[in-house]
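J.: Read off the chains here:
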Amino acid sequence: MKLTVDQDKCCGAGACVLSAPEVFDQRDEDGIVTLLTSEPAPEQHAAVHEAAAVCPTAAIHVTETD
Amino acid sequence: MTDQAERSYAPPSLQLPLSGDTALDPPAEWEELRARCPVAHATLPSGDTAVYLTRYDDVRALLSDPRFVRPTERDNAARVAPEGMGGAAVTGSAAVSIPDRGAPHQRWRRRVGRYFTAKRMTALRPGMTRLAEDLIDAMLADGAPADLRASLGFPFPVYVICDLLGVPAEDRERFSHWSDSFLSVTRYTADEIRTAQQEFVAYMSGHVAAKRAEPADDLLSTLIAESETEVGEGSEGSDGGGLSHDELVATGMGLLVAGHETTANMIGKMVSMLLCDRSRWERLLADPSLVRSAVEESLRFDTNLGFGLRRYIGEDVEIGGHVVPAGSTVVCSMPAANRDERAFDGADTMDLARTPNPHLTFGVGPHSCLGQALARTELQVVLETLLTRVPTLRLAVPADELRRTEGLLVGGLREVPVRW
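These protein sequence lines are chains A and B, in that order.
Residue 1 is where the first sequence starts when you use our numbering, and the numbers rise one by one after that.
Residue 1 is where the second sequence starts when you use our numbering, and the numbers rise one by one after that.
Calculated from the structure, these hints are not laboratory results.
Where is the CB? At the ideal position from N, CA and C, for every residue including glycine.
Any given hint could turn out to be false.
Computed footprint of chain A on chain B; a stretch qualifies when at least three of its residues, placed anywhere within it, have a C-beta under 8 angstroms from a C-beta of chain A [unchecked claim]: (1) 301-314; (2) 329-340.
Once the Cα atoms are required to be at most 16 angstroms apart in a straight line, the calculated EDC-like pairs of lysine to aspartate or glutamate come out as [stated by the list, open to error]: (3) Lys2(A) <-> Glu43(A); (4) Lys119(B) <-> Glu39(A); (5) Lys2(A) <-> Glu22(A); (6) Lys9(A) <-> Asp30(A); (7) Lys119(B) <-> Glu64(A); (8) Lys9(A) <-> Glu64(A); (9) Lys2(A) <-> Glu39(A); (10) Lys119(B) <-> Glu43(A); (11) Lys119(B) <-> Asp30(A); (12) Lys9(A) <-> Asp65(B); (13) Lys119(B) <-> Glu22(A).
Generate the whole structure from the sequences, applying the supplied hints.
T.: Next up, the structure:
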């Protein structure tokens with residue numbers, strides 16, 4: 001799995017961090033999403049898919065690599 | 001469903017807000033509208049007409065469209081409330097001046113949003129848990145039956161937001177009245193609203209001035225400190241630098257109102273939905289790891305969310321195959337969309353383990369609820385604490401006797417009678 005986020009779209013809702021705190025974070029200065037890893041471990045995949053599904057601005061993009 | 005069939009169905013005199021047979025039931029019209037008339041015309045309490053959306057995809061697409069925002073007095077939009085009865089949140093009056101669109105909105109949003117990150121809200125959890133325990137202990141000490149709304153649902157989020165803003169929770173009776181008048185659709189007269197609005201602005205203006213003189217460790221003090229260092233550097237107020245005095249006042253008012261009714265109502269509705277079919281409560285007792293998804297499902301399943309979000313359509317837009325002309329006002333029913341079978345399997349079943357749960361209760365797009373991580377954390381803490389402290393909790397009246405709050409932009413229950 002390969003993960004990217006669109007920081008321009010992000011509205012700082014934090015739903016991704018609540019779903020997958022090992023993968024997503026928010027910048028202290030404005031609450032915008034950052035990635036802790038762009039290649040999450042397999043045990044994180046379900047939480048990452050959830051984060052992408054619940055993101056209010058569809059700012060999370062998941063590419064399946066294999 | 002063919003276009004022909006949709007056109008042949010004209011709902012007779014659709015009047016908003018719609019309501020179900022009981023406080024927790026969805027209005028019967030939603031299913032019919034989603035199936036046969038997803039772009040309907042409805043009459044608002046003012047008598048003006050708006051376009052009413054009930055399908056998930058349509059609501060999601062419109063709320064995500066950055067061209068369209070909540071109407072203000074400047075727009076020639078349909079009015080919700082009858083003349084004089086609408087509070088500032090309903091009329092979009094200029095008395096509150098948070099930048100509401102475009103780049104200035106995004107700038108405001110990021111400046112304030114940093115205080116509501118998931119990590120910050122998680123850090124508040126231990127304090128929230130102690131507060132919930134104290135309120136529940138007091139409720140238990142007073143004995144059954146109790147009104148869970150008055151004992152817990154209302155004070156809990158109010159204490160939390162007062163603490164964040166650094167305003168004294170002892171003033172909560174006044175805040176509560178100001179908040180209700182801010183959200184009035186038909187509850188208050190023009191005079192009552194004007195007075196409340198003036199008092200609220202004067203109070204918050206004084207509070208901002210006091211924080212400027214004596215900063216403390218709270219959100220407003222921090223925003224003020226930032227604004228003082230930055231206003232001179234940008235052009236003015238909303239354009240380049242920090243927040244102006246009026247913007248700080250509006251921010252304080254907006255956050256206080258947002259932290260008042262919405263989560264307070266949701267606590268009462270969540271507990272009622274979980275107790276009205278007590279197998280739901282028992283499932284959570286057996287598996288508390290479901291608290292997080294149960295909170296999301298309660299948010300999805302709630303039928304009693306109030307009006308829905310409004311958008312002013314400044315240019316023609318196609319919605320679900322229909323052209324909605326420029327100048328229209330659209331009311332997006334998030335709870336109707338949350339029950340759309342096209343988006344949720346078994347949409348009319350409350351599934352406490354449902355994941356993912358992309359419900360629209362907080363809105364979507366660039367204007368989706370700023371405080372959603374706070375609301376989620378509060379709801380999780382309240383539910384966890386109730387399950388631990390009062391496992392025998394049950395409703396003290398039949399669910400069909402629960403009474404709705406009426407006359408405000410947001411929906412809730414007037415009281416939540418419980419026993420244990």
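J.: Compare the structure with each hint and give your call.
T.: A quick look at each hint next to the structure:
no.	hint	in the structure
1	301-314	violated (count 0)
2	329-340	violated (count 0)
3	Lys2(A) <-> Glu43(A)	holds (14 angstroms)
4	Lys119(B) <-> Glu39(A)	violated (22 angstroms)
5	Lys2(A) <-> Glu22(A)	holds (15 angstroms)
6	Lys9(A) <-> Asp30(A)	holds (13 angstroms)
7	Lys119(B) <-> Glu64(A)	violated (28 angstroms)
8	Lys9(A) <-> Glu64(A)	violated (22 angstroms)
9	Lys2(A) <-> Glu39(A)	holds (5 angstroms)
10	Lys119(B) <-> Glu43(A)	violated (22 angstroms)
11	Lys119(B) <-> Asp30(A)	holds (13 angstroms)
12	Lys9(A) <-> Asp65(B)	holds (12 angstroms)
13	Lys119(B) <-> Glu22(A)	holds (12 angstroms)
Hint violations for this structure: numbers 1, 2, 4, 7, 8 and 10, all remaining hints satisfied.
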